Amino acid sequence: MLSSKPVRLPSAANGEIEKGGAQGVALFASPIMTLSVPAPSGTPNAMADAWRRQTSLRRLYTVLGVGLLLAAMFGSMWFADEANAGHFFDRLPHLLDFLSWLVPKDWNDVWRALFDIASPHDTGTQEFNFPLGRVYVWGAFYVPEYFELMLITVNVALVSTFVGFIFAVPFSFIAARNLTPHPALRLVVKRFMELLRAFPEIVIAGLFAAIVSIGPIAAIIAIGLHSIGALGKLFYEINENIDMRAEEGLHAVGANWFERVRFADLPQVLPNFVSYTLLRVEINVRASTIIGAVGGGGIGEELKLSISRGFGAKTLALVLLLFTTIFIIDQFSAWLRRKLVGEQAFMMGA
Amino acid sequence: MSTMTADEILSIEERYPQVFRRPAYKRYGPLLLVAGTMLYLVYAMWFFSLPQVLRESHWERLPLFLTQWISYDLQPEFRLDQPEITPKYPRFSALGDNPNPDWVIKNPDGTFTVQIDGPAKSVTFDKTLATITAHGQTVHVSLTSGKPLVEGQVPDWITAHDDEVVARMGFVGEVRVTVDRVKVRKRFLGWANFVFDTRSPFFGKPAGEVISLIASGPELKPGTSNLALAADNIWNNAQWQHGDVWTKLLQTIVMAFLGTLLGGIVAFPLAFFAARNITPSGALGQVLKRFFDFMRSVDMLIWALFFTRAFGPGPLAGSAAIFFTEIGTLGKVYSEGLENIDDKPREGIKSTGANGLLVQRYGVMPEVIPIFISQTLYQWESNTRGATIIGAVGAGGIGLKLWEAMRTNSNWANVFYMVLLILMVVFIFDNISNLLRRRLSRTIHDYNRIQARQG
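Going down the list, the sequences are from chains L and D.
Mind the numbering: the first sequence is residues 8 to 357 in our numbering, read in order.
Mind the numbering: the second sequence is residues 11 to 465 in our numbering, read in order.
This is chain L alone, in the form it adopts within the complex (with noise of 0.2 angstroms):
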């Protein structure tokens, strides 16, 4: 029974280790398994020799990978501290002063906050009453400035990835070996996107911040062009991956290009590809709120404002509303995505 997993002995009589195939494997066996095994006739003792030095070296190999894997965490941990304003240990008993000022007075001016209702505590400050952010919808009702706020964050993510997809679909034929029209273009557009991927979307949001102002809409267009991408790289990788056969039939009825991406390829990989764009919504939600932090409006810029002038109260009723939102789009997606693909949508690479 035991034979049966992770090592594989030859049962070739010769005594050497099969190379290759057993190597990976070897490196996380066990020494108790090499004595369970029973070895096959022929010269035990030069096996069990060789199964020695091979492991003896593989533990080696490993130790000193995990050595230096921490002795370059010691390093960075020491540089990091160096190199911040506050360092570790001298924070680290006052890690938790922030509760001090986290913790609200009242525990119900975060519902006030949350939904923009005048608190008794009001000093004149910004810290507890802001009515000049209510957005009027019908008459008396209006959305709470924190709502309005998530929704313009939502709407980035949304738009952007709108934008990603768009652009990523066309791009990822384009792109995928078994589909390209052309070699030379599928270089271009591949580098193309790997560009789009690298590029620092803080740099693309403030160049359009100071194009088309400071707001949402530079932060849509950065996003955007990292969703096309990011979209446009795990697309081709579908593509590249897809049954040829309907493609072959179109081709040989004469079908052109668009014919057969259309009638061939894109229903067999719009499950995934909208799999992959739920994904990205998840995504470009957080992004958005970073890219909001920073000039971008929306929730990001209040929290970080609430965050910097110690307003408790604001601030749980922001991340409250925060991590609510987040929550929720990232179960509804996971949800969706399992009807559309099944399990496969959360295995590797998702």
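Do not take every clue at face value.
As the list claims (entries may be wrong) - Here are the simulated EDC-like cross-link-like pairs (lysine to aspartate or glutamate), alpha carbons at most 16 angstroms apart as the crow flies:
| # | chain 1 | residue 1 | chain 2 | residue 2 |
| --- | --- | --- | --- | --- |
| 1 | D | K193 | D | D119 |
| 2 | D | K157 | D | D127 |
| 3 | L | K240 | D | E87 |
| 4 | L | K240 | D | D136 |
| 5 | D | K137 | D | D119 |
| 6 | D | K157 | D | E174 |
| 7 | D | K193 | D | E174 |
| 8 | L | K197 | D | D119 |
| 9 | L | K197 | L | D123 |
Simulated from the structure, these hints should not be mistaken for laboratory data.
Predicted model only: the values in this text are computed from it and were never measured.
Following the hints, position chain D against chain L.
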């Protein structure tokens, strides 16, 4: 496509009715989805007041900013209301304290000539008359009547305002003439003073001379070798701040590395207790899974803001933020990886009487370690990109520097320098991580092959 006759179409329709007569929701679903998306986009346009924003945006700035990424300009100014005309350069001009460029020529008759692009694009002036040459035309601007007056017809590359005449010469620059001053902007391709700034004794020397000075020259600053001096001057270049930029870049890298690694170390044991098939109690598993969800959903930004408050701005705050987010993310992926393992090795180890820890070590870990490492590398890669951006809220690293350089709207060359460095880092780390993951996936692949062969 080749066309079919009506009979052929009909016969296909008869043979496959299920393809052609589908339920209504299947037929109209996609159409409704597209219509819904369109409606949403219209709403979004209204929500962001897109037409108004686009109307008020300054697209003409885009090419200007982009040229500033790879070029710099010099702006000499010539006062005409002084007894003698002398060129004045702005403070911190790229030419240093003693500017004497060969494109500003003092003629023997007392006039000045500034060549913006050789003699073809130049301006020659004294206190009474400025002669501007560009695009094959020569234009005289008289300065005697209290206002700059263009003589003859005004070509389209010149804009004559009431008190100022502006001659645009394209990329290379422009000339602005008023009665009391002539202002020239001359643009050069490249980055000014990238190696040595104007305070350095090596400033303005050709590369060969610098090398020979470093190799065998007399000490420029007594007590330090020329090599040390040159290195110090480069590191502390005031305009490009190489030292600061590289230190901040290293901080960003460290933040991503430290956060991901620590997150992995903490998530690793927790994942075993969270995985449905391994956990000693289902309730504990659920609690841990919700904990992972919580850590992920409280977003990296919120963690970054909190830790900036707790530790003060710097890479420690950034590392801690990535660490906390990564506990959630890696905990989730690790436990999902554990739930997908083959249970047989565990049963085998258990049957030998091994205790719980040994079962995990020899029955589970060989299967999941390559997957764990691969996922961790993937997160590391994406955190290296993400660390830039949380830096901008004060969590350390190059993000804040980048954001500050951008806010002034004048330092675009510095921005581009940092962008290039970030792109380089992302590129290198992507490749390292890809290489490692490819090797690992080969391991996973081999493992599957061995399993398959043994049935």
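Hint-by-hint comparison with the structure:
no., hint, verdict
1, D:K193 to D:D119, "21 angstroms, violated"
2, D:K157 to D:D127, "27 angstroms, violated"
3, L:K240 to D:E87, "51 angstroms, violated"
4, L:K240 to D:D136, "61 angstroms, violated"
5, D:K137 to D:D119, "12 angstroms, holds"
6, D:K157 to D:E174, "8 angstroms, holds"
7, D:K193 to D:E174, "10 angstroms, holds"
8, L:K197 to D:D119, "60 angstroms, violated"
9, L:K197 to L:D123, "48 angstroms, violated"
In summary, the structure is inconsistent with hints 1, 2, 3, 4, 8, 9 from the numbered list given earlier, while agreeing with the others.
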